[in-house]
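With the hints as extra help, turn the sequences into a complete structure.
Those protein sequences? They're chains A and B, same order as listed. For the first sequence, position 73 (counting from the first letter as 1) is numbered 72 according to numbering that gives the first Met the number 0, and the numbering increases by one without interruption. For the second sequence, position 93 (counting from the first letter as 1) is numbered 92 according to numbering that gives the first Met the number 0, and the numbering increases by one without interruption.
Heads up, a few of these hints could be off.
Reference excerpt, derived from the structure (chain A facing chain B, CB under 8 Å, subset only) [claimed, not checked]:
# : residue
1 : Arg-1
2 : Arg-2
3 : His-31
4 : Ala-52
5 : Leu-54
6 : Asp-58
7 : Gln-62
8 : Gln-66
If you are wondering where the hints come from, they were derived from the structure by calculation, not from laboratory data. Predicted model only: the values in this text are computed from it and were never measured. A virtual CB, placed ideally from N, CA and C, is assigned to each residue, including glycine.
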Amino acid sequence: MRRWIDIARLRVRSLLRRRHVERELDKELRFHLERQIEEYAAAGMPWEEARYAALRKLDGFTQIEEQCRDMRRTNWIENFWSDLHYALRSLGKSPGFTAVILLTLGLSIGANSAIFSMIHGVLLRRLPYAEENRIVRFFLSSASYPKFPINPFDFLDFRARNRSFGSMAIMSRSDVQLSGMGVPQRLTGFRVSAGYFRVLGMRALHAREFDTSDEFPENNTS
Amino acid sequence: MSRPSDLIQGTLDLLILKTVSLEPKHGWAIAKRIEQVSQDVLQVTQGALYPALHRLEQQGWIRAEWRASETGRDAKFYALTRAGRTQLERELAQWERLSNAVGMVIRSDLGASRC
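Here it is as structure tokens:
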């Protein structure tokens, strides 16, 4: 529609050709003022007196200009830039205050991103396993211990009677020490039952995974 | 002298649109024309006129153009756009409705209000 093109054109013009638009506004009001002076002079007033009377009648040249500017509705953009400049200048004048603000912002943004990366890692990110939405972890649950670890003999019973899960495995923390010539090193390790890697959807690249027969020490012949 | 608040809100827009609908005019001529036609009852101050002109221009109802005035100096002439003409008709209809309604209320029979 023609009207919207007109409106957009005027807005862009007010923004990009501000000085030109300002000059036009000044010229427009000045034309009015001159006509008023002429009218008073034609009525017999001395020229100087006519000028004062006309200025009085105009009642605040700059105020009218400001109201006309408001009508252009780009004032807020112009004001935004001058506000921004003013803010930067004031910050430059009080470096202590600026430093405190920057430090506060820095610390809070840092803390926030730390917290959210933790939440992302622990709660939001998917586990790096195939069909991770089908993997569950068991605990024995009672009123006093909502998450009590399962003991290995119970696990054997559960596994023997399992009809609900594709595969079951158990693991227990079992760190080991690596010692030799230097300072002994602690290595983090887990003992796992047969089927552990199958539960996680991993396949051995070479040879085979442990199966249940490997769980008995007397079978460890190899 | 009539201040903008003396006019009912929106009336100045209607007066301006009507005045420039006949032919393009600059601000001074618009003010003079309104004064003359209303036999000096309506006095439009510059403080009300120019912001109104700029608002109407920004809304796309009137379009401005610099031209030589009758005195030879350049002046900003305002002309009604096509959208402005529709707007003028809308405002005229609204004004008729409003003034009729006000007329009905203030001219209603006093005898009826006695009971």
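Comparing the hints with the structure gives:
no., hint, result
1, Arg-1, "holds, 7 Å"
2, Arg-2, "holds, 4 Å"
3, His-31, "holds, 5 Å"
4, Ala-52, "violated, 13 Å"
5, Leu-54, "violated, 11 Å"
6, Asp-58, "holds, 5 Å"
7, Gln-62, "holds, 7 Å"
8, Gln-66, "holds, 4 Å"
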